[in-house]
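Engineer: Sequence:
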Amino acid sequence: MCDTLVALSNVTMDNSVIFGKNSDREPNEPQIMIRIPPKKRDKNEKIKCTYIEVDGEEFTNDVILIKPHWIWGAEMGINSKGLVIGNEAVFTKEKLKPKALLGMDMLRLALEYCDTADNAVKYIIYLLEKYGQGGKAGYIANLRYHNSFIIADYNNAYVLETAGQNWVVKQIDDIYTISNSLTLNKDFDECNSGLIDNAINRGWCKSEEDFSFKACYEDKLYSFATKGDYRQKHTKDSLKKNTGNIDVSYMMSILRSHCGDDKVSNYKSGSMKTICMHGGGVISSQTTGSMVARLKDGSITLWCTGTSLPCLSLYKPYWFTDSTEMFYSEEQQPEAVEYWKQIEQLHRKVLNGEISDLSSFIAKRDDMEAQLLKLADQAKTDKDRIEVMRLAKQSEKELYEIFADNISKVEKKRLNLNLYYNVYWKKQNKSLNS
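Under our numbering, the final residue of the sequence shown carries the number 434; numbering is consecutive throughout.
Read the hints as simulated data drawn from the structure, not as lab findings.
Incorrect hints may appear among the rest.
Unchecked claim - No more than 20 Å apart at the CA atoms, straight line, and that leaves these computed lysine to aspartate or glutamate pairs for DMTMM-like: (1) K220 x D322; (2) K374 x E58; (3) K233 x D219; (4) K241 x D229; (5) K130 x E94; (6) K93 x D14; (7) K236 x D247; (8) K296 x E94; (9) K236 x E331; (10) K81 x E45; (11) K40 x E58; (12) K81 x E94; (13) K296 x D247; (14) K136 x D14; (15) K130 x D62; (16) K40 x E57; (17) K430 x E344; (18) K43 x D62; (19) K40 x D261; (20) K220 x D210; (21) K349 x E330; (22) K296 x E190; (23) K81 x E129; (24) K263 x D247; (25) K364 x E344; (26) K241 x E190; (27) K426 x E344; (28) K170 x E129; (29) K136 x D173; (30) K263 x D357; (31) K39 x E129; (32) K186 x D229; (33) K296 x D173; (34) K81 x D115.
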């Protein structure tokens, strides 16, 4: 389960476009960041996605993807043209194909082949109508779902929501957020032909005047279980109340939010209602990766945790420079998985109650992040940016050394009387380490 947000230039502090997303998935599924340079392919070459092959294009863009390690596509990503996309699981009454394109596959294909948000919307719709969507998207769980997207560039942003091969799209005026539920009712700009007639014929509404995409197509039971409406309201309200003052730091704070749930904040419970999602509830997902993108005047700055739980993680800056030393390549995915797991072992110590006082760690993390934000604004050349990326990586290493040292000094575990939570994490930790 996930949350995706965008704020356009007319509502941000510095007139940039700011995009944010948390990827919430099974807690033991490594989420990795890779960079794939532009390629020239044979015109007739087929592209093998997660489950099926699709027609490819001759040239691809330089892309940064944040993805589950075993999926061909990505949960979120950006290309060097300034196109950024985030994908959400949604649940509808329509049937999925047994094996087709995942929403994550569509996202990657759009980033590889499209230069603008306008083109990406059209391309994803083309893929949806030609190949359909479907296939197992869960790591261990047999989770299958439909998809929604926020698609943005320097000038425009759109929300695209789907149900089977049906779709609706709306251009975003200022802010927009999506979660694991449909958001569009009658307020879409375009839809596929037959969308409304299909709903009438299946008894979901009586007439065109009575039609609502969300009311007609959404699977209300699944959507209720994911708490998508709850989280979407929280993210939307958070952006609304800060209109005109939204910046990268504020977007990070939303993605770290536990929505006032003290039990989650104190690592004593899991909840589907928090933006920084913690596993441990009866229905459970966890934030396994997080990113914020800033687009302005042809300049792209990407901020990624590369690790789970943004409440514990350091956002680090990345740029499309000629140097790729700070990125894992597609061929280095095993190394990227190992990096994620190393940090995850430390995060599990917190979830297990092996460190009760995080105040010094969080204060140090916040100081480092504030310094990186300042340096990122000052970095104007590729040389400067490479140095900042190196510093960020070194800062993270130092931060987690402090973290590990704090854990080693703990003499007594924090008491947690939540039996289900304790059993859940004991099982997850055993599986992660096996």
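Engineer: All hints are to be evaluated individually against the structure, with a verdict given for each.
Structural biologist: These are the hints, each one checked on the structure:
1. K220 x D322: violated, 47 Å
2. K374 x E58: Violated: K374 and E58 sit about 39 Å apart, past 20 Å.
3. K233 x D219: holds, 19 Å
4. K241 x D229: holds, 18 Å
5. K130 x E94: Satisfied, since the Cα-Cα distance of roughly 17 Å is no more than 20 Å.
6. K93 x D14: Violated, at roughly 42 Å.
7. K236 x D247: holds, 15 Å
8. K296 x E94: violated, 39 Å
9. K236 x E331: Violated, at about 38 Å.
10. K81 x E45: violated, 24 Å
11. K40 x E58: Holds: K40 and E58 sit about 6 Å apart, inside 20 Å.
12. K81 x E94: violated, 34 Å
13. K296 x D247: Satisfied, since the Cα-Cα distance of roughly 12 Å is no more than 20 Å.
14. K136 x D14: violated, 41 Å
15. K130 x D62: Answer violated: K130 to D62 is near 25 Å, above 20 Å.
16. K40 x E57: It holds: about 9 Å lies between the C-alpha atoms, which stays within 20 Å.
17. K430 x E344: Holds - the C-alpha atoms of E344 and K430 are around 13 Å apart, at most 20 Å.
18. K43 x D62: holds, 18 Å
19. K40 x D261: violated, 49 Å
20. K220 x D210: Answer holds: K220 to D210 is near 18 Å, not above 20 Å.
21. K349 x E330: Status violated; Cα separation ~30 Å.
22. K296 x E190: Violated. K296 to E190 sits at ~28 Å, over the 20 Å cutoff.
23. K81 x E129: violated, 25 Å
24. K263 x D247: violated, 28 Å
25. K364 x E344: holds, 19 Å
26. K241 x E190: Given pair K241, E190 is violated - Cα atoms ~29 Å apart, limit 20 Å.
27. K426 x E344: holds, 14 Å
28. K170 x E129: Distance ~18 Å between K170 and E129 Cα, so the pair holds.
29. K136 x D173: Status violated; Cα separation ~34 Å.
30. K263 x D357: With Cα atoms ~15 Å apart, K263 and D357 stay inside 20 Å; holds.
31. K39 x E129: Violated: K39 and E129 sit about 26 Å apart, past 20 Å.
32. K186 x D229: Between K186 and D229 the Cα gap is close to 17 Å, so the pair holds against 20 Å.
33. K296 x D173: holds, 17 Å
34. K81 x D115: The hint holds at about 6 Å.
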